[in-house]
Amino acid sequence: DAKTTQPPSMDCAEGRAANLPCNHSTISGNEYVYWYRQIHSQGPQYIIHGLKNNETNEMASLIITEDRKSSTLILPHATLRDTAVYYCIVRVGLYNQGGKLIFGQGTELSVKP
Amino acid sequence: GAVVSQHPSRVICKSGTSVKIECRSLDFQATTMFWYRQFPKQSLMLMATSNEGSKATYEQGVEKDKFLINHASLTLSTLTVTSAHPEDSSFYICSARDSGAGKGRGTGELFFGEGSRLTVL
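These protein sequence lines map, in sequence, to chains F and B.
For the first sequence, the numbering used here puts the final residue at 262, and the numbers step up evenly by one.
For the second sequence, the numbering used here puts the final residue at 282, and the numbers step up evenly by one.
Isolated chain B (complex conformation) (with noise of 0.2 Å):
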């Protein structure tokens, strides 16, 4: 199947600092991302839906000053936690979705990459 790639996939930073996640779709290109954040034994919850070229659409109560997301190409989005507390400690999952342009399959379905675990100390 087609293959998102997230990076870094472990971080842990200091509180008040920002930290970049990256989310890279390798074979195929992708006008749609998304983010979404997982806390333990919980399920995933939708932060934003990224789209390139334009700005994020973000669900009701993210803080978009908060989450800054950038779709600049068709391959990559980044999710930048910006002055992170240890309350932004999560898991962070993107997906993407094979749209048919590229190498993709065309499928239209969402692929998720592996994730990136914060750890704000």
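In isolation and in its complexed conformation, chain F is listed as follows (with noise of 0.2 Å):
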């Protein structure tokens, strides 16, 4: 039911930015993307989501093209504490009505010295 792809895992140097892609090509056009990170033996952690326009909060930037088709979390300085399987995932449906969400198999993210 996973409707995102991502790459299985990515190393990323502490204090660089760490840009996680992800593909959502059969988005639809209410449907919007999430990312969730999990720490090891930890419950999934909210991080950003959008359904266009680009975000930032606190902790990234969620950078969405202009087709919908694809999107880039950005942690703009990582560190190693940032070490974490992050989820790319499209939300189905509305809460309110039925919505769920779906979790794919994410991007194992190290963040090494």
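Misleading hints may appear alongside valid ones.
Computed cross-link-like contacts, BS3-like style, restricted to lysine-lysine with a CA-CA straight-line distance of at most 30 Å [said to hold, decoys possible]:
#1 B/K202 with B/K175
#2 B/K227 with F/K152
#3 B/K227 with F/K249
What the hints contain is simulated information worked out from the structure, not anything from laboratory work.
Take the two lone chains and join them into the complex the hints point to.
The following block contains the structure:
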């Protein structure tokens, strides 16, 4: 059911920007793109989400292409604590209408000193 | 952000016994909660959607009589693994949607608990 494709793993040097790509070529016009991350043996942590426009918060930036078929999560200054599995998810439906998050395989990001 | 708490965080039980896992939204009310399970080195798999005051909606292939879900209040959902077997050993994670009721920020987004690791001997 997952509608996204991500590279299985990536490395990033500490202090550098981490750019995590995601393809969602079959996304519908009213479907949001979500990013969560999961540090080993913990529950997923919400990062950011967007529909059409680029979004930024205290954790990251989300860049969505104009055709909405792909997006990139940017961690501007990666630290060792950002090492985690990052999930790009297209929300299926509205939450108050039975919507839910279906996780794909994610990208395992390793931040190295 | 909003806080979702799970209890217990770890549980070990004998084969054939039943285990109950609680999921609580601590600072907001959640009409909808979700239960996932995760095997080692794999992604999260959605098991069911828990709706306050009504029956849970199970994903295809998930046995409703095996995994009993009760969402008795706006802040509590429970998952009971009945007659547990070693193949039920897994990491069970719940999530709750901050719909804006209570003290939540009303982002409408899902927040996840820290997970409960079940080991069936």
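Do the hints match the structure? See the list:
no.	hint	in the structure
1	B/K202 with B/K175	24 Å, holds
2	B/K227 with F/K152	29 Å, holds
3	B/K227 with F/K249	22 Å, holds
Comparing the model with each numbered hint stated earlier shows that all of them hold.
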